[in-house]
Every structure is written in C-alpha cells, then in structure tokens.
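K.L.:
Chains E and X supply the protein sequences, listed in that same order. Just so you know, we're using UniProt numbering here: the first sequence kicks off at 1 and counts up by one. Just so you know, we're using UniProt numbering here: the second sequence kicks off at 1 and counts up by one.
What the hints contain is simulated information worked out from the structure, not anything from laboratory work. None of the hints are false.
DEER-style ranges, computed between Cβ atoms: (1) 148(E) - 805(X): 51 to 57 Å; (2) 51(X) - 308(E): 45 to 51 Å; (3) 424(E) - 781(X): 55 to 61 Å; (4) 781(X) - 355(E): 39 to 45 Å; (5) 319(E) - 775(X): 51 to 57 Å; (6) 454(X) - 224(E): 36 to 42 Å; (7) 339(E) - 691(X): 52 to 58 Å; (8) 320(E) - 671(X): 51 to 57 Å; (9) 621(X) - 224(E): 49 to 55 Å; (10) 423(E) - 671(X): 45 to 51 Å; (11) 57(E) - 693(X): 48 to 54 Å.
Even glycine gets a Cβ: it sits at the ideal position worked out from N, Cα and C.
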Amino acid sequence: MLLTLTTTHRPATDLGYLLVKHPGKVHSFGVPTGTAYVLYPEADDDRCTAALLLDVDPQLLRAHRDAFELSQYVNDRPYAASSLLSSALAKVFRTALRGVSKDRPELAGSAIPLEIRVPVLRGTPDLVTRLFAPLGWSVTATPIPFEPEIGGDSRYVDLTLTGEVRLADALNHLYVLLPVLDDGKHYWVAPDEIEKLLRSGEGWLAAHPEKVLIARRYLAHRRSLATTALQLLEADQPVTEEEAELPVARRAPLAEQRRDAVVAALTEVGAARVLDLGCGGGALLAALVKNRAFTEIVGADVATRSLDQAARKLKIERLGDRVRLIQTALTYRDDRLRGFDAAVLMEVIEHVDLPRLPALESAVFGHAKPRAVIVTTPNVEYNVHYEGLTGMRHSDHRFEWTRAEFAGWASRTADEYGYTVTIRGVGEHDEVTGAPTQLALFRTQEVSA
Amino acid sequence: MILDVPELSLVALVGISGSGKSTFARARFKPTQVLSSDYFRGLVADDENDQSASGDAFDVLHYVAGKRLAAGRLTVVDATNLQSHARAGLVKVAREHDVLPVAIVLDVPESVAWERTEAREDRTFGRQVLTRMHRDLRRSLNQLAKEGFRKIHVLRGVDEIAAAEIRYEKLFNDRKDEHGPFDIVGDIHGCRAELEALLTKLGWALIRDERDRPVDAVHPEGRKAVFVGDLVDRGPDSPGVLRLVMGMVAAGNAICVPGNHEQKLARKLNGRNVQLTHGLPETLEQLEAEDPAFVAEVRTFIDGLVSHYVLDDGKLVVAHAGLKEAYHGRASGRVRSFALYGETTGETDEYGLPVRYPWARDYRGSAAVVYGHVPTPQPEWINNTICLDTGCVFGGALTALRWPSREIVAVPAAKEYYAPVRPFAAVAAKPEQGLDIADVIGRRHIDYGYGQTTVPAENAAAALEVMGRFSVDPETLVWLPPTMAPCTSSTVEGYLEHPSSAFADLRSAGVDRVVCEEKHMGSRAVVRVSTSGAGDAIWTRTGRPFFGPELDEPLLARVRAAVTPILAELETDWLLLDAELLPWSAKAGSLIRDHYAGVGAAGRSALPAALSVLERVAGRGLDVGTLRDRLELRAAEIDGYSAAYRSYVKPTDGLAGVTLAPFVFLAGAGVSYAKKDHDWHLALADRLVAADPEIFTPTRRMVVDLADPASEAAATEWWLTLTGAGGEGMVVKPWAGLAAVDGKGRLVQPGVKCRGREYLRIIYGPEYTRPEQLDRLRQRNLGRKRSLALREHGLGLAALDRLAEGAPAWRVHELVFAILAAESEPVDPRL
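When you get a sec, could you build the whole thing from the sequences and use the hints?
P.N.:
See below:
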C-alpha cells in the first residue's frame, strides 16, 4: 500500500527536511506488519515527491488474526490504505506529524502547496469528499472499477488531494482519516485511542461536520469510547443504536413511543407475567423491569448475542427470579412459553419469512397461548416520509405491510386461534399514510368477554 | 423365610440401632442398591453419627433414590425408619416415581441390639435411646400399611433375620417375555359380530359352545390376541364380546387390558353408585338376560385386569388410553388412571367433552404404544404410538394391528349402533403441527445408528439461530449436505492437493474402485421435487432458500418437468437431489464482488502504482532491486488469483444462465438410495441433462481402479486438464455409493476433494504457491475436518433412513439439526 506526497513549494526538496528523510536515499523501517519504505520518485527544486510504501508481510499480519477467519489468507490488507499505513506513517514521519523541523522550522509552520495521492483506499467518492473537503482540500476521488467480466465499481477509490496546507496538518488528516475510511482497525482499540484521536484532531476535528462518524469509526465503533471522545469535543450525544439504519430525523422518539404503547397495552390487559418474544438487546425489557406491575418477565430471542447484550443491559444478575432470558425460535413450539398473561412481539414478525409465519402463529397463539398478544410492525405506507429510504426500513425485514395487510393477517389469526383483536397506530399520525408503527392487541375471547 | 419384593420398588428397612439392618442389606443387595443414612450423613457432615446433619442427609438420600427410581432401579434405604415422618418421605419418593414402597422390619430383642451397640466404638448413646427406639418400632408396626407400604415383611428375632431370603417378583404389567406375535384389537363396544369377523379375517378359528356362542378362539400360527379394552357398552352384544374375550384370556390365547367402560361396569356390578350413561344401561340390560354366574365371572374378570402391559422385551406397551414413557412398567394409582382415562387438560371442547392432553405428540420413547379410547377415522402412527379405536360402534370399523409386522387389518361396522356425541369425522386425531424446541436445544446426545455424537449446547444455539431465522420449513429440510475433507496434503512439487494423495487416501480406507467426479464451482443445492409440487423446495448447504420464491419456483418447475419420467420409473412421487447450482456468481455474486473481486481490484491497482514509483526511483539511480522483484511477483500472483475467481463468474439474468449439476439422487418416497452405486446416480443425472440441457449441466467423471496404476495415471492427466482449463478440481468417491463401508463395516468418507492448483489461490491467497508457503500449508491438520465430515455424512444417511421408515418429523429433524450444529465446530473453513 502506498501514498505519495508532492510539493511544488520551492525549493521542493525542502520536503526532505520537513520529513527528515533524505531524498537521495532509500529509507526502510521495520514495522510490526512488514517493512515501510520512504522513497523519492522525483526530487528537484520545482517538484518533489515522497512515497511511503508499506510492504505488508502477510505472515506477520496473520499473527494478529483469528485462525478460523476466511479472510486470513485472502484480504486487501497488502494493497489498500488502512490503519496499517497510518501506523507506519506515525512511526516514519513522527517529527513531521508534530509540526516541528530542526532544519526548516518556519516552513514546518506554513501552508505549502501539496498534492497527496492514495492510489487504493476504501471509500466512496462522496464520503471521501465529505471527510477531506471541509479541511480545505480539493478532492479528486475516482472509483476503481472491477474487471469488465464483473462490471461496476469496487469499493475502492484512487484519491488525490490538492491544497495549500501545513505538512503536519496534512499528515494528521491522513493519520486519522485513512483508518476512518478503511473502517477496519487491525488492532484492538483501547481507551488511549481517544487521546490519540484528540491529539491528531487538534484544531480541525471539533469543527468537522463529520466528527461523529469520524469518532465512531476511528474508535472502531466502540460506542462508549466514541461518546467520551465526542463529549470531550463538546459534541452532541449520538443517536441510539436501534434505528441507526433509518434516516435521521424522527426516530429516537418513535422507538420510545412504541415501547410506551406496548407497556400501556400490557397494563390495559392487566398482565403480570409477560413474555417479550424477540427481545433483542433488551430495550423493551428495560422498560418492563421498571414497572412493578410486571411480576415475571421472560425475554426470548433466537440470537444468543442479543440475549448476552440484554443480560448486560439489564444487569440481570441483580434482578433475581423476576426476569429470565431464554433462547427460543418462534417457528418451534416451546413449552417454556406457556402459561403467561401476555406475549409481546414488538417489531418481530417482519423478520420472519412469510411462508414461515404460520409456524410462528401456531407456536405463539396455538401453543404458548397467552391471554393477550401484542404485535407491532412497521406500516409500509408511512415509509414515504423517510427521506432517502429505499427499500425496507431494515435490511433483515422480510416484508413490511400496509395497514390493510396487517389488519387482514391479524383478523385471520385471531379467528383461527380464538382471539379478538384491535388495531391501533403508534407514533405521529399522518392523514394519508397513518402512523409509522401499527400495533395489534389480541385477547383470548374468554378474557375480553 | 422368603421375602417377595417387586423387581422395581423402594425397600425401606425398618429397625432400631443394632438390629442388623446394614448386615442384612449387605448380604442381600448390591452395595450400590443400598442407600444408608449413615453414609449420607458422612457425605454432608464428615461424620456418620452427626444427627444434626440428618435433615440434609435425607434430602440428598431422597434425591439419589429419586434418580435411581426414575431410571427403573431397585433401591433399598438403610435407615432406622422408625418415625412416620421419615417413612412418609420415602413413600413420597416412591409415589413420585410410581413404584411400590416395601417395608422390611427387623425386630430383634432390645438386649441383642444393646449388646451390639456397646461393642461399637462410634455408638455412644445410652440404653434409654434404644428403649425409645424400640417403643417407636412397636408403634410403627401397625401403621405401615396405612402409610402406603404395599408389602410389609416383619422378621422377628435374630434367626429369622439371618434366614430370610429375597425373592424378586415381576410386576403384574411385566410381560416382556411374551413375544407374540400379537393381533392387537381396538375398542369393540359390544360389536360381537364385527369381532368375530375381524378374528376370522386375521385367521383365528372360533370355538363355540353348545349354543353356538363363541367362547374362545385359537390361531393356527400360535398368535396371541391383545385387547385394548372398552369391550362393552353402547353396542348390541356386550355379554357376547365378554364371553369370547374372557374365554380367550382364560385359555391363554389373549391378553386384555381394561378400558374405562369395563372399570365403570365393574363399579356398578360391585354395587357402587355410578351414572347410567354412555351406553352402560344397554350393557346392564343385556346382562339381565344372562345367568347370574356369568355376571359374577364378568365381575371377577374385570377386577383382575391389569391396567397396562409391557410386552416383547419392552418393545411394545398396550394400555387403553395410551401411556406416557415415564409410566411404562410402573404401578401406582395415577399410572392406572392414565392408562384408563388418559390425561385431560381440565378444559372441555364445544361438545362438552374433555380436552385431552396430547401425550402422543410429546412421546419420545422407543417402545411402541398401542391404545384405543379416542375414536379416530384412520389409525395413524404418531411418534411410535397408534390409536386403534376406529369407532366401530359409531359405524366406523373394528381395527387390529399385527405385531411385530405393524400391518393394519380392519373390518367395517355393519351399521351405526350408537350416535356419537361429537361428529366422528370431526375428531382431530392429528397432533399439533410443528416441531418442539425441546428436541433440538441444549446439550444433546444422539445415537444415529452409524455412530453417536454429542451436540454441545452452544452449537445447538448457533444452529437454532440459523434454523429459526433463515432456513426453509424445517419439516421440508430433511437432509443437509455434509462437509467434505480435502485429500491429504501432497508432496508433489508445486501442489498442495494432488490426485495421487486422494487415491492413496481412499485406498488406505479399503476402497478399491472410485469415481472421480468433476467438482463444480458453484453453490451446493439440495432439491426436492414431487409430482404434485407440494412441499417442493431448493435449499443451500445451510438450509436457506436459494434465491427467493420468484426464481426458486420456476427453477423447481423446470426440474420437476425433467424428473417426472424418472419419478414414475422409480415408483415414487417425490425425489431428493444433491446438486451444484452454477455459476458461482448466481448465488454468491455479492460475496465475489465484496470480497474476492475487491481484493483483486485493490491489488491490480496498488501494485502497478507502487511499481511505477519504484521505476522512477530506480530512474534516479537508486537501488530498489529486491523490492521491485517482490512486487512484480506479487503483481503476477494477483493476476493469477483474479483469473481464478473470474472463471466462475458468468452473466445470469433471472434464471437465464443458471444451471444445476445433479450428482446424487438421495431419496424418494419410502426409500433411501444411499446403497446405489454412483454409476446409477450419474446415469440418472445424465438423463436429466438429456431431458433439459439448458437447466442441467452434466458432471464429467472417470471411474478408476485403484489397483491399476495406468488407470490412476489417466485420471491424474484428466484432472490436470480439467484444472488447467479453470476447473475447481474433482471429488473422488467410493464407487459403491454413499453407504460405502470399509472392511470392518464402518462408513468411509463419502468422498475427498482434490482442488486445482490455480483454484486454491482464492482459498489460500494469491501467493500460496511460493515454496515456503506451500511447505507451511502442507502441515495443515485434516483430522478434525475428516471426523466432522464423516459424522455429518452419517447423520445425513441416518436422516434418509428415518425418512424412508416414515419416522416422525422430529426424528429426522434432530439429525438434520445436528448436521447444522456440527457446522459451528471450529474447523478451518479453507479445508
């Protein structure tokens, strides 16, 4: 992987002083993932280019990886610019990054004409531009195409940045933004990374319009670290996890309104022993726990990762017998789910393939048979209000229903299993499209009679 | 003195300290059968005489006793058992496991006991303690029966104790030594004519009395009849049925269990007040006409009936209303009640009849359970249980099951003798649909016939996630392809895998003839097609639907059309095919773009850019020689790598360009084709290709005689040509087929793969052919992969076997689930 730095500041060979690397030599440095070279393909008074070339040794790289990962042997690490390159940059150009120069102290403090090229970098032209343009660079990012047999563009760009920028700033931009674009750090991101980010981002990150994205990606999506970093940058809180896939405007409130509506429905039916089927990371469970009317709460999910997450979120060990988490799949019947007052399927059914839905109905309404069932699902008619949303609201949604489709399903299911059902909207009601979420409350006939 | 003790019982020894209980037990029972309170006190308190630990000690003792009884093991409790609360705990444990509590009382003179106590250093209590114990013993003697002990043996004095011998008696329900063959007859309800007709149809010769009434029947082949009860009520001639059945039972030609109707009749005959409903009045009226002596015989007969029988080495259980596994061979009030009436949920249906607990749905036992009680239109096996009540008296039929052949024989009712409360046909005989999660989750041990395996709970959890979120209907998913191991790493220069190793592997497994099949580089696909199209599906190696219904359906329709003549020929209405769907890009398009081609695109851009920098650096007179050489080699390697994946990318548009290469015909209705050789499979595959060359791709192959070096050399040449033209490689399979075994009868690998040199670049990286890398890769460990492949193969074969036997869905599913769970094992995915 490669990057080149060119200046036309005269004398251009001063670049060698700033980088502390003599243009007349081939410099090589051992780094943990291979060998880094600094070389000058051109060096005269008008124009001088320094190249940082990292020759990655796949064997050294492998030592860092999970032995059973398929990408251990076939990956783009030797070719694309990434955190490997920025680590090498930090090591090789340490002095220049700090903005100091023994030989050319003034020059180190001044903006000079620079052209930077990174021939292979993960990213879309749009994202690359959003990251570099606010820093004063003029950006040319050309997507790298696949071979004609495959067609289309790969996820890499060939990037050229030009601008009048202090060399140290340019290097800091690259140091932070290369791994941000690559979005796959090669090492464990520890809390001290916050400090590195803030140090390298000094003077530009706080005002950067994409600082949230930069902080998250730089800190390898460790939310707590990103939050801390952003607080330190006096930033706003980031949006919540759940609906991160949706366009920004109106959603944090919707998730909350949905939970409130579900809790209200549970209260309405007087449920004390409650099942949260498809509990995910435990967002609803957390709300249920707060309400003492719910004396027995069981969260069930098919994903063990979600259950672990829910256990952590709820600090389940403190809750005693009142809350239990179990793994189940709603397409099987499960005796452990029998005998409850109410079951909640909050944003669950749309994750089940339509042909498999009858199995879920049989398992929940036919076998588990709680006195009440509360089902929420998106109202697809409302999707027109989500600007920029193409397709469904979540990549794992197998279907999204109109109000008529949901009502039809609900009444058929109620009939088949001896329930009565009422449907209501949740969230901001729109005259034409209805509310974003639809909720069905099923009650066994004996109960509602 | 002989002490009769039921084979399965909880025996409580009762006696004061020093009465010799432990000595008595030691001489007559196995050490593991005896649970001594002293020992358990020691376990929990490090001191056998620490009376303060008794509470905990008995908790543990009861727990162990419960585990033993649940497993059907005789258990003896060596404790003083002098106080009723102590004995109540034992009676409770016995009842919980439906075994009989037995008391053996050792009554020795207090003086003898005192003498023994004084001789023991660890016993420090005074004589007054012994006196008190003795008083308790006296008081206990007449309480034991009231407390629930079903057998009480009292041994008086040292000599009688020493002379006592234990004799085991079988439970009444234990007829395991009877092997039949049996003709098991469903609910008769006074339909004597139909019973005569059925017995005649089954080949029985009726014996009649002077008034021409049948009083016995014999079968020329020595068969034995088994009646599941409900002989009487509602029908026209209950006395006639009783006369015949009683005669057959008395003559040893039949066995009979009581039904709830006999039970109620006996209560009436014994003078109890019962409701005269459900056809009882008809029976009483008919009995009026009989000789009172006959009625007395009926009473004795019914009183003597045992509520269920375990027959034929435990392979067959007969009870009127069925019996759950935990109750087989047990004796208690609730076992009897279950056998007579079944278990109800406490609810009633729209006709006011009790809703029955679907015990058969949850039945997982290995014994077949045959029963009656609930009229059902057709007898149907449900989890190894079958109901033979086909509502003869309601105008249905009288049905018999022949055992062990499991053949069903029935005669229709002459007419409707009695109108059913609930429409006969409306009875939902089918169990609730779907699979039970309890059959797949948690740590499970599976004996699948070809071997045994334990599915760790975490693998089951991972499989459940895939099965729950992504798979096709698990009841459709009757088989998953096993993983396949590569051949032993080759030592041939420049090669990691080479035919010579593949042949050597199979030769050493005792295989002498193999078929080398071209390994198609696409996506594994299992296809089920049928004449009707119902339940047809195509799924991936992890059980997911292929493309989605909009493409899967037309693809299945094409396959169905081509397969139809073969279905007729094989006399099956459906077939299960193992195939590869081509091209790879059809299903794996995004994987290729995001991963393989992405790496190619990055490499093909980065390396020339770096080389051009080096060129200019060199142009300035600097030495970059070795670095440039290295990068040039890399550039060549990335080109080779790109060419490798590119050859599996073909344009497709919808189904256009998509083909299937079938290579194994796994199963059809009632049959597994695992024993067919690969010539058979491939000949059928060729016929599909001939029928529809657009949708089917042929599999090129070569049969190789492993004893003939020339044959091997030709196959090696063939492989080199195949892989040289961009082929993935080949799979070398035992020619004999999927069920091929070695000399010791053990399954051998169903195939080993031998992948081409260029193909492996997309697995091991562009530069894997460098000598130092090859040397390292040759050290790869294949053991785990091989054992996994063999286990998955065995599970898959067993699933096909069970499917062919018509096993319940959960029995097939547990195996398929285990295959999916096995895929969670940490095995190098590049193998």
